[in-house]
Each structure stands twice: as C-alpha cells, then as structure tokens.
Amino acid sequence: MSELAQVLEKTFSGDPKDQQYALNLLQQAADGNFPEYVRQLAEVLSNVNNGPFIRKAAGLQLKNTLFSSGQTSFDQKKTRWLSTPSEMRDYVKKCAMMALDTETIRPSTAAQCVAAIACIELPLNQWADVIDQLSVNVTRPESSPMLREASLEALGYICQDARDLPYTGPILTAIVHGMREEETSNTIRLAATTALLNSLDFAKQSFETETERNIIMQVTCNATQSSETSIKVVALQCLVKIVSLYYRHMEPYMGRALFQITLQAMKDPVDEVSLQGIEFWSNVCDEELNLAAEAEEAVEQGTTPENVSKHYALGALPHILPTLTEKLAKQEADSEDDWNPAKSAGIAVMLLAQCCGDAIIDLILPFITQHFTNPDWHYREAAIMAFGSILEGPTKQKLLLLVEQAIQPLIVTLSDTHPAIKDTAAWAIGRVCDTCEGIVTREQTLSLLLPALSSALQDQPRVATNVCWAISSLVKAAYKVAVDQGGAVDEKGTPQTFILSPVFQNMVTELIKTSDRTDSNENKLRIAAYEALMELIKNSPTDCYPAVQQTTIIILGKLESLLSIEDALISSNERSQLRDLQSQLCATLQSVLHKIRCEDAPLISDSIMAGLLRIMGRCTGKESEAVVEEALMAITALIEGFFLFNLFDRGDRIETIDGHE
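Start counting the sequence shown at 1; every next residue gets the next number (full-length UniProt numbering).
Incorrect hints may have been included.
Said to hold, decoys possible - The calculated SDA-like cross-link candidates involving lysine to any residue, where the alpha carbons are at most 25 Å apart (straight line), are:
1) Lys310 to Gln458
2) Lys524 to Met534
3) Lys343 to Leu399
4) Lys476 to Leu401
5) Lys204 to Glu121
6) Lys396 to Thr369
7) Lys241 to Asp286
8) Lys558 to Gln458
9) Lys558 to Gly617
10) Lys78 to Gln160
11) Lys538 to Gln505
12) Lys558 to Gln577
13) Lys78 to Gly51
14) Lys93 to Pro123
15) Lys480 to Leu448
16) Lys513 to Gly493
17) Lys204 to Thr173
18) Lys476 to Gly493
19) Lys343 to Thr369
20) Lys310 to Glu212
21) Lys94 to Thr173
22) Lys398 to Gln505
23) Lys94 to Thr139
24) Lys93 to Trp81
Hints listed in this document are in silico derivations from the structure and should not be mistaken for laboratory results.
Generate the whole structure from the sequences, applying the supplied hints.
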C-alpha cells in the first residue's frame, strides 16, 4: 500500500518524466490484476491517514478506470468493472461512500468515483439504493456539511453522465433541500444548484406536476438573488436551460419573476452574471422561432401545433433592448476571441430581430442614429453592430427604408481610424449584401463601395477577413440581381453579364494577392480570401470567363510550386501550413473546374490531374486527410464536367486513387 501511495504521489510531480513513469506503473497494475488494483486505490482514497493529495490521486485514478466520455472506451471499462467479483465491487463502493465524509479537497474525487460506478450499474438495476443513500446524506440533519456537499456533487455527476436515469424524484428532493435559503453553507447551496443544472434534462415528470414545478422554480429564483456570485450564476444557468426545456410551462413565472430576475442580471456589472441574463432571452427567442416554424408547418399540413408561442420576446422587447444596446458599447479593443456580454448582446439583438420583426426597428433606430458618429469608438461600433444585427427578420419594405439612409454613411466607416469600427463595418456591409441586394448593386452605391472595400482589403487581418466575406456576399448579390432581371443566359442558365463584370478581374487579382500576404495566417485571412475567390468564380457570368481561365492557371501554378518546396520544409508547423494551403487551393480548383468549358479540357486536364495525383501521393497520415479529400473532390469535378475520356488507361492514376480509398 505504501508503494502505491508513492507512485500516486508522482502523478502530481512537476517533472513530466516522473509523471509518465508513475502512470505507466499504474497502467501495468491495472492490466495485471484489475480487482486488486481498484481495491488498493479505494483503500488509499478512504484512508484518512493518507495526505489529501495522495487521496485525490487515488480517487482520480479509480474514476479514470471506470469512466470515459468516449462510448467505445466506456464500454470497455464497463465490461471490465462488471467482470470484477461482486464482493470486490461492493468493497470499492463502500470505501468510496465512506470517503465522501472525510475527503477535504474539492471537487470531491470520492463523489466522482461514486458517480462513475453508479453510471455503470444503475442502468442494469444494480446498486439501486445509491440514490437513496446519497439523498439521505443530504437531508439527514446530523450529516456533516462535508458529507452533504460531496453527496450533492455525486448526485450532480450522476445526472450529468448517466445514460438512463429513472430516479429523478429522490434526486430532486435532495437537490431542493440543499438549495433552500435556510441552508447556511454557500458551498452546499452551490453544489445543490449545480446538481440541479445537471439534472434538468431528467426532470420532465417533475415539471409536468405543478406543485413540484413550483418548488423547483421557487428555489431556483431565490438562488439567483444570492450574494454569492457563483451561486447566482449557476442558478441563472438553470433558468436559461429551463426556458429551453420547459418553455410551455413558463407562463405563470414569466411576469411574476423571470422577467425581472433576468433583466436585473443583464444589468449586473459582473460579466458572468450579465451573460446569463442575456443568454436567457436568446434562448427565449430560439424557442419562439422554432415554435413559429412549427406553427407555419402545421398550417400547411392542416394540423394544430402541439405547443404555441407566448411571444415573451415581443412583450419584453421595449424593456430589454435598451440594456442590450448599452452592452454592445462595453466591448474592448483586444477582446476579439473572448466571449463577453457585448458579443452575447449582439447575438441576442439578431435573434430578437428575427423573432419580433418590424417591431425592433423603431425601438433601436434612435440608438443607431444617435451613435453612428459618436466620438467614443465604443458607441460608434455598437451602433454599426446594432444596425447589422437587425437586417434579418423585419419585412423587406421596412429594411429598404432603413438601408437606403444608412448605406453611404456605413461605407464611409470602412475608413474609420479604429480597427474595430472597420471590422464591424465590413461585417455589416456583408449583411446588407445578403438582405438588400438591389441597393448594394446600384452604380451609385458601387462607385463608393468598391474603392472602400479595395482599400480595407489592405488593412490588418481582422479587418481584411471581414472584407473578404463582404466581397463574397456582394458577388452573390450581383449574380442574383442579374438572374432576377431576366437578361440573356447560356444553356446552363448563366447570365451573360452582371454589374461587377468590369471589375471582376481586378477583384480576383486582389483576392489572390491577399491570400499571399505574409500575415494571411492571422485571423484565418487566407481561408477567407480563398473562400471569397471561390464565390467569385462560382457566381461569374459568361463575359468573365477569361478571368476564370486565368485563375485556373494561377491556382495550378501555386499547387505546382508548393510541390517543389515541400521537401525543403523541416518543421511540423511548416508542413501543417503547407497542407492547409494545399487543401485551400484544391478547394478553389474545384470551383474553377465547375466553370471551365469542355473545349478547354485538353489544354489543362493532364497537368491538373498530374498535379492532384502528385499531391495525393505525398499525403500520408491523418493530418493529410483534408488535403486528400479536397484533391479527390477536385478530381471528381474534373471527371463530372468533361474528363470521361482517357482516364482509366493510366495505371499510375488508378494505383494512386486506390491508395486513398
């Protein structure tokens, strides 16, 4: 036993070699005699004479022998545990349950072990009394705070990980007991509230019963008013999940409690709290959008929908929108990758626009007009974000009036001095292109927009990436307008020309230059540039075909040049970047090949096929799967379009393709 303790101690060593050595020894012990191994781990865990970190290490190793998030690995561990003699399993369970009352480190590893065993045995109707044992631990007055907290943790883990759980009644009774305002221990209230969050998926029966539902809602709403931030946040997370799972039962609580609680949370200066308040209303919108779609489908089918929208979002809109727009202005310049209330508010405004339609425009327009030229960049950016966020949902007529007034000032903001403004402006312009194609394709609009996009494409990567997306949206808008106008088309329905034809070649050239920038790996700029290039090719009219031909040659040349430098690359990072670039080029080549005319096949088919097969021949290992897939799809495009002849008389081609099936 002392030897095992020494090995367990090394699993916490700061030396990676010591750690690996210890883990290897533990694995050998598990493989050599599993029942004896888990017995000794359980004894170390339950022995109060061992140090807390040694006990924790024993608990973690025991849990890891029993549980895995992957189904295949879990099934293997489950089989091994169930093959262990029942008396040994009972002994391990007894030790783990004893440790709940004595383990001082949190989170409790004993609780994790109890849950891991329960998740294996409960679905098989084994260890059927574990839920009752844990529930009694929580509700019994003489239980120590340590035992109550650890038992609640165990119940929470069981709810989180169990595949099938028929024991919700006793679990919820224990959880509600731990969440009561009378509970003086914040750690116990937090453990209970966390357990509730994990159990909500299984609480359908309780939410169908009014008395039980009222109790759950009362203790949850009370917990949102806790002075302890961690409890408040988890309680709000419960409300966020409840409104999604049990929307149809929320009417008695929405006006009396949920509206005020979540509005108060949205205004909270603590980001974690504010995020949950915002997320609540985003989830309300999600549910009501789904219900609207179901209602529409029911009308088409002549049936009655099972559930109907209560239009909570529309009723709350005048009250929550001012808070959301203020949150939009709280972003920081260096928080691109951080999820924060400002970003969450942007998503919420989008969903409210989709959910409430025209009603949002008159309410949000004063904020947009007031702050579009605000000296404070936070408010300028917030105004642009608000504008871009409401472009899906309102009627076309209402949108056109708004966009007509805003498009020119919006284009001007692409040359703002602050990168966040330019970044958001490019995104908003892309949204305008998606929704109001008639406005952005007017000559007077394009005369301002095209130079502004060209200039912003040279900006820092975060800005240029969104400009690429705006270009993609613009070319799709131009193509749609050309098709809708009903002009001359070829046999495939491709329009003869469109409004961007005079600048098409220049747009292709600029995007290729952007993909070659030395900083194109930042903010996924290279990917964005190639995606925009693909949209240009895909949506090109007949009179832009020469540019398509030239792009084919350029892309093929880039692929060949990459093959020539591949052998000189040494580091794995360089090779990874090479594979990414090859994958993007192959994807771009697919778009080009779908546009190439059959009469051009003899000029390019052999060199394209040879290049693609060389790439596939050099791509081995899992890290190259994306390249091989894109290359195969490019070959498919080549074959489908015009290359059925002269394919299967080349043995090397067949051999290469067979090697990557």
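Hints versus structure:
1. Lys310 to Gln458: violated, 48 Å
2. Lys524 to Met534: holds, 16 Å
3. Lys343 to Leu399: holds, 23 Å
4. Lys476 to Leu401: Distance ~22 Å between Lys476 and Leu401 Cα, so the pair holds.
5. Lys204 to Glu121: holds, 23 Å
6. Lys396 to Thr369: Roughly 20 Å separates the two Cα atoms, so the pair holds.
7. Lys241 to Asp286: holds, 12 Å
8. Lys558 to Gln458: Roughly 21 Å separates the two Cα atoms, so the pair holds.
9. Lys558 to Gly617: This hinted pair holds, its Cα atoms lying about 17 Å apart.
10. Lys78 to Gln160: Cα-Cα ~17 Å, so holds.
11. Lys538 to Gln505: Distance ~14 Å between Lys538 and Gln505 Cα, so the pair holds.
12. Lys558 to Gln577: It holds: about 14 Å lies between the C-alpha atoms, which stays within 25 Å.
13. Lys78 to Gly51: Cα-Cα ~29 Å, so violated.
14. Lys93 to Pro123: Holds. Lys93 to Pro123 sits at ~16 Å (cutoff 25 Å).
15. Lys480 to Leu448: With Cα atoms ~21 Å apart, Lys480 and Leu448 stay inside 25 Å; holds.
16. Lys513 to Gly493: With Cα atoms ~31 Å apart, Lys513 and Gly493 exceed 25 Å; violated.
17. Lys204 to Thr173: holds, 14 Å
18. Lys476 to Gly493: Given that 25 Å is the threshold and the Cα spacing comes to 15 Å, the pair holds.
19. Lys343 to Thr369: holds, 21 Å
20. Lys310 to Glu212: holds, 22 Å
21. Lys94 to Thr173: Distance ~24 Å between Lys94 and Thr173 Cα, so the pair holds.
22. Lys398 to Gln505: violated, 35 Å
23. Lys94 to Thr139: Holds, at roughly 20 Å.
24. Lys93 to Trp81: OK: Lys93 and Trp81 at ~12 Å, within 25 Å.
When held up to the earlier numbered hints, the structure conflicts with 1, 13, 16 and 22 and fits the remainder.
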